[in-house]
Every structure is written in structure tokens, then in C-alpha cells.
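Enquirer: Got chain A; can you put chain B on it based on the hints?
There are 2 protein chains.
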Amino acid sequence: MRLSRYFLPILKETPKEAEIVSHRLMLRAGMIRQQAAGIYSWLPLGKRVLDKVCRIIREEQDRSGALEIMMPTIQSADLWRESGRYDDYGKEMLRIEDRHERELLFGPTNEEMVTDIFRSYVRSYKDLPLNLYHIQWKFRDEVRPRFGVMRSREFLMKDAYSFDIDYEASKTAYDRMFVAYLRTFERLGLQAIPMRADTGPIGGELSHEFIILASTGESAVFCHKDYLSLTTPGSEVDFSDAGQLASIVKTWTTPYAATEEMHDEAAWNALPENERVAARGIEVGHIFHFGTKYSEPMGAVVTGPYGKDVPVQMGSYGIGPSRLIAAIIEASHDENGIVWPRSVAPFEVGLVNMKPGDAQCDAICERLYAELEAAGMDVLYDDEDTRAGAKFATMDLIGVPFQVIVGPRGAAAGEAEIKVRADGSRFTLPVDGVVARLSA
Amino acid sequence: MRLSRYFLPILKETPKEAEIVSHRLMLRAGMIRQQAAGIYSWLPLGKRVLDKVCRIIREEQDRSGALEIMMPTIQSADLWRESGRYDDYGKEMLRIEDRHERELLFGPTNEEMVTDIFRSYVRSYKDLPLNLYHIQWKFRDEVRPRFGVMRSREFLMKDAYSFDIDYEASKTAYDRMFVAYLRTFERLGLQAIPMRADTGPIGGELSHEFIILASTGESAVFCHKDYLSLTTPGSEVDFSDAGQLASIVKTWTTPYAATEEMHDEAAWNALPENERVAARGIEVGHIFHFGTKYSEPMGAVVTGPYGKDVPVQMGSYGIGPSRLIAAIIEASHDENGIVWPRSVAPFEVGLVNMKPGDAQCDAICERLYAELEAAGMDVLYDDEDTRAGAKFATMDLIGVPFQVIVGPRGAAAGEAEIKVRADGSRFTLPVDGVVARLSA
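So the protein lines, in turn, are chains A and B.
Residues in the first sequence are numbered from 1 upward in steps of one, following my numbering.
Residues in the second sequence are numbered from 1 upward in steps of one, following my numbering.
By construction, these hints were calculated from the structure, which means they are not laboratory data.
Since we're looking at a predicted model, the values are computed, not measured.
Incorrect hints may have been included.
What the hints assert, rightly or not - Computed cross-link-like contacts, EDC-like style, restricted to lysine to aspartate or glutamate with a CA-CA straight-line distance of at most 16 Å:
1) K91(A) to D98(B)
2) K126(A) to D166(A)
3) K91(B) to D166(A)
To be verified - Cβ pair distances, simulated, as ranges:
4) D309(B) to A390(A): 24 to 32 Å
5) S235(B) to A242(A): 45 to 53 Å
6) R81(A) to R280(B): 39 to 47 Å
7) E19(A) to M262(B): 49 to 57 Å
Said to hold, decoys possible - Just some of the chain A residues that point at chain B, by a computed CB distance under 10 Å:
8) R5
9) L11
10) K12
11) A37
12) I69
13) P72
14) K91
15) E97
16) H134
17) R151
18) G204
19) L206
Cβ atoms here follow ideal geometry from the backbone N, Cα and C, with glycine treated the same way.
In isolation and in its complexed conformation, chain A is listed as follows:
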């Protein structure tokens, strides 16, 4: 993408309304714009990150065997009356009346609707296991939306729902998502620690939150330092091997880890002091096993192997891609701006032409632009005639992992300079070597 044809509305001043660093940086980098309290537009740079995050989530959901669907944003109130949650949910639910005075709502989550889909079609245990997910906009009418997309009212959510014949199979479904989440967060450049969690309005007795450590995190968390060195399962995990999944989950749930609300002082104090990590955390995913909480009242039953009808065992599994982006920034930024992990960077390479109009600079930049894109990299080519300081400040602010800088002196010598955003290191190399170096 040529910067001259791009829409990148960088803000010079720090917006006053932004209380946390991710919100400030997302506004300053022109990623998002607030349209109403807790409701945001995603501008081109933000949309690119959102797409990359969703792609990784989707690939790992698919790998685990989950199937993608798309449920609507608007739901019928009647469905929520079946589960009893229509009255329970309170003011966070955005309730709507249509022109025929029928009661609707903007879905805050989809347990009821997916259970309705299931009961409409599935009759036999032979069609299980089944896991359906979608990535769709949700709405929760928070009293006081804040922190930008970290706690917005309209937000994107990937929510998956598993259906199984008995507890054992559904525990395997839970483990399957647990492992998929470990892989997802690792690919997003995050170190996420699973912690036993309260189940809240979703219900059930088994639940984990995935928490990343960030000094600006919303809540206190406590864990054993072993978590910081555990190995994330590779892409060779066999998602049909219940034993393998259970063993990974065991490894990742054995050391002590708890959010403030589930914290056990006695267990914590029993740990040697130098093995304790007390930090701030941000929740980036939440998984639930709730058995028959929805299948029973809603009549989602299948015929079992001995001919008896049984309500299916269910779980649900959420990641909020929009919130996640804020969390990534909280965990990865410096005083100059965002520092994206390469996997979710809006552009992997920022190509900086120091002197547009200079024949040598232009020729080398055009060549590098074409070659980098041909090698499959996303490149933002700054072809604008602006001050050097502004060019670098922009590239630093928007967090492009690699800057390739082409100035008149280097161009004459057939060289370009590379700056690595993460550590600020710089080195010069022949123009011929740039693509290979950045492909590595």
C-alpha cells in the first residue's frame, strides 16, 4: 500500500478521553474512531489488524475441528425466555421492539440460539461430537463503557459451542478448545495463562479464563513462575486424541494460578516465595463447561446408543478479537508507540523513501516495494514528501515490525537501512539482500 493513497489519520495530540495506553495509541495511530459511547469504527489500519487476529483464531478453531457458521446479531426474546435468561440478564442486554411490537434483542452471547439450531437438526449421538463457532458483533450495554475497545458496548466475539453425548466426551471437547486457545494466543504473540474462573451469567461449574500479564492489567492475578516457561503445543497436536489433550491440559492447570476472585491465600503462601508471580492481568479468553444448563430447558436431546433420549452436554468458548487487540498493545508498546508481533502487524514492512522525487531513491523503493509484496509481505510504502522525523515517528507509532529506509546516500551505494521496531536496532545491507533478510 502506498501511503499517498492510504487513509491513515494520525493524531498529533494525545486524546484526553483515553485513560489507558492502548486506547491512546489506537486513537493516535488512526486505528479506531469513537462513534458513540462504547461504539467504534475500525479505520483501515485497525481493520487490517482485526482481520489478521480473526484469521489466526479461525485457523486454530478449524484445526481443532470446530465448524464455522454465522448467527445473526438480532435475536428473538422468546428464545431467551426458554432458558430463563431473558429476565436474569438485566440492563446489559440491549432490548429492542420492532415495527410489529415484537420483542427482540441484540445478542450479547449465543447459547440459546445455537442450542435452538442444534435441536432443530440433530437427533442422534452418531452426529456428535459437534462444535459450532461464529465470529460476530455482540452488544453489551455497559453502564460505563471505557478504555476504548477494551470495554466497549459493541464488540467482536468469536464464540464456539460444543455438543456431546456425555460428560466425558464434553470434557474432551473442553480440553480441545483449551489447547486451541493456547495455540491461538501463542500465535498472536501473547503469553496467556489459564486460570480457574467464576462462571457468572453463562453458568456451569468448570471454567477457565486465559489471562495475559501486563503492568496495566485490569485485575490482580497470582501464579506459579513455571507458567512463564511452559511449552505451547505445536501444530502437530492430534485433536482427536483425548488422552493427549487431557495431558496438555493437566500440564497447564497443575501449577497454581488464580485471579483475585478465585485466589486461595493458603495455597499461595505454601509456595516458595521465589516461585510466586503476583502481577496484573488482562482476560483475553474465557471457556465454560455448563453441561445441560441450556439443553435441558430447551429440549436439545439426542438418542443415545441404547435408544434413550439424553440432553446434550455443552460448553461455550469465547475470545474477543476487538478487545484482544487492545490487550496486545497493552502488553507490547513503548514510549514511541505500538510494537506489533509480526503475526498481527497491519503491515510487516514500512518502506521509507527519504527523498521522493530523487530518481535513485524512487527506483530502489519501487523495486523493493514490488519484490517485498511479491514475496508475500504486507508493505506500507511511504512515498510522501514529508520530513524525515515525521516519517520515522509515524512508522514507530503504528508499530510496523521492520522499517526499510532508503536515502540518497545509501541509494547511491546500493544500500538500504533496516530498523527493527522491537529493539530499535539498525543495520545496513545491500538492496539485493533486503527481501531475503526480511523473509527469514
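Expert: Just chain B, lined up with the frame of chain A:
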């Protein structure tokens, strides 16, 4: 995808509520499920088609230079008061009150919001031309939603918005989208004819609908038969060449073409009878040039080259991917089911194992499944132990372009049979030749 692990809820009976063939076939093929009047879930097969349609639309928008953003579904009523449309829009607008009694609405279109984004950031003519698009769910509270996703209340829409300094530049922006639309519909396997159209609640004086001919179409259309043989612009179109764009648009707007409401009997009767095509049509896209209708009341002005502030000239450009899928089916089906154009088929190949459990059949199918997927094709592998008739009926119903059939006799001879869905032709070839044949 192995059918045994897929969720493909085929309906045996024709649903009574479905009045048109696309609705019937989408329900029967397990593509969609109605959740409330005019509100649908997209099941895995439908979601795959939706993704493929959106990908083609996105690629052609990007090629033309438009930039993707993502605006929220929920908008503030205040924004619509600025343009005067809040009161005009009537009961089709889904009006909502949040917990603080603030007036919101579910966006039926986004002219106001995108104009607000524009005026917040863009100050100078130097930042033009600009075209921002998004693909987002919309809601229009139709009195009587029907025809499945052809006229639903919640529907997906790609809407693009162009901003230019003067009429001439904005006419080029209009031409650019016009050409992008011709290319998009061709890639979707549709023959779409642009027709002068009424502008309705969007406003403006220049507007075209893109109409496909289908005997089950919603309205009568009239056009010159030359349209049926016009050449669609190739991928080499230069979207920065205003003259080239204008000349393509001229070619595509010169012969007579009109919907019923814009029909001119005199001009029509002046055509030789054998050059007239009177048919039924379905609208699949609609583009508008409306100048300063929104920029003026909303104060979206830029400083022009001579230092004077001018309101920007705008246009908007819509395609409904969800509706489009129904239109494709209306235009391409037979008595056995859907006949997908390959570009949007949920799966390109249906691999039919006639005797799962037979060692030779299984081995050949596993090999073909791996090789076809490795060649980049989407394959649905029917590995289930069901009757031959049911297997073929399903593949015909869901419209997979190529069926690769492996039975015990063929397997013993190292052969597979290929059935082409579009014309029903069948031929046998060595297993070794299948991938090359289907890659062509």
C-alpha cells in the same frame, strides 16, 4: 472436509414457507436457518459461500483503490438528525433506546456515519480521491420480510463511499465503481446489466442498478440484446485512467436498458423487435452519485487548491452479498438442486466413496482427498456408509461443480468417474489424472 465430521443438515421435504426456488434450495441444502421473521443463521455450507462471495467483492474493491474499514452496526440517532433522514426514514429503521435512554438505531446504510468519519480527519483536497468501504450487517425492518435472504431484515451489505473535490472527479469515482461492479459480477458467474435507476431514500440524480436476468426475477426489465454479448473489462483495467473508465461505462450504458419504473415505451418501440429483450430481473447492486446531499448539511468540507472551502462530492455503492447468493441460485439451478459457479461453490469437488470400508475404495479416496486439497481445491469427501442414491442426491442438491466417484469396480481398475454438475456429463479417467483434470 470429511462429510462424517461436517454439519450438513439436508432437508428431505420442501419447506412450505418458501415461495421461491432459491429460498427452498437454501433451506433444503442446509445453508441457512430462519431464527425469526427475516432473520437468518448461516450454517456451515452457507457460510462458505458467503465467504467466497465476500472475498471476490473485496478483491475487486481493493483493486479499484477503495480502502476497507469496519463501521459499527449501532449508530446514534443524532447523526441522522444532521442529515434530516432520521424522521424521513420511516418504520424500516430499527430504532433502539439504550439503558440511559439515548436514541440509537441499527444502521440500514452508512452515509451519515462515513461522512462523519470523513469530516473528522480530512481537511485538504490533497487527500482526495478517497473511497472507504465496509462489509457489515444491516437491518431494515421490512413490513413483510420474505423470499428468505433475498428480502430479509438483517442482511450483509458491502457499501462503499467516495469523496472527491468536484463533480468531474466524483464522476470518475462513480465510473471506477461501475467498472469494479462489472468485474465483480462476472467473477461471481453472473451476467449483470447496468440500468438507470431511481435514487429513492439515498438521493441524488445519477444512479444505476445492476440487474441479472432470471425467469423468477422480482421485476420486469427491458434491454437491448447487445448487452448479452458485451465484454467485461479484464483485470488489466487501469483504475487511475479516467478516460479508460469513462469509455467502458459509455459502452455499457449506451444500448437501451431500463427497469419497469424507468421504462421509456417510445425508446423501446424504436428498437427493432428482434433486438429487444424483455425479461424478469433481480437487482444485485446499486450505485449512487448524490453530490453534496450529505456533505453540505453535515459540514464535510475540504480546502480546495485555491484556498476556498468546498463541500465534498460523494457517491455510495452497494452490493448485498447475502441477497446475491439467493440471486445466483435463482439464475443457476435445475430440478435436482443448486448449480454453483465454481468461483463461489462451497466446495469445488465432491469426492464420493461408494463403499467406505472397502480397502481399495478407501485408499484411492484418501489419496485423492489429500492430493486435491494439496492442489488448493475445496473438497467435500463423502466418507459415510449410505446409499448411492442419497449420496448423489446430496451432491446434486448442494451444487458441487465436480463429483469424483470411486466405486469398487473402478477402484480395482485404478479409475474414477467424474460427473460435471452443470451439464450432467460423466466420464471415466485413471485416478492419476484426476487432480490435473480438475485443476484446469
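Enquirer: Now look at each hint and say whether the structure bears it out.
Expert: For each hint, the structure was consulted:
no. : hint                           : result
1   : K91(A) to D98(B)               : holds (9 Å)
2   : K126(A) to D166(A)             : holds (13 Å)
3   : K91(B) to D166(A)              : violated (48 Å)
4   : D309(B) to A390(A): 24 to 32 Å : holds (25 Å)
5   : S235(B) to A242(A): 45 to 53 Å : holds (49 Å)
6   : R81(A) to R280(B): 39 to 47 Å  : holds (42 Å)
7   : E19(A) to M262(B): 49 to 57 Å  : holds (54 Å)
8   : R5                             : holds (6 Å)
9   : L11                            : holds (9 Å)
10  : K12                            : violated (12 Å)
11  : A37                            : holds (8 Å)
12  : I69                            : holds (5 Å)
13  : P72                            : holds (5 Å)
14  : K91                            : holds (5 Å)
15  : E97                            : holds (9 Å)
16  : H134                           : holds (8 Å)
17  : R151                           : violated (15 Å)
18  : G204                           : violated (23 Å)
19  : L206                           : violated (25 Å)
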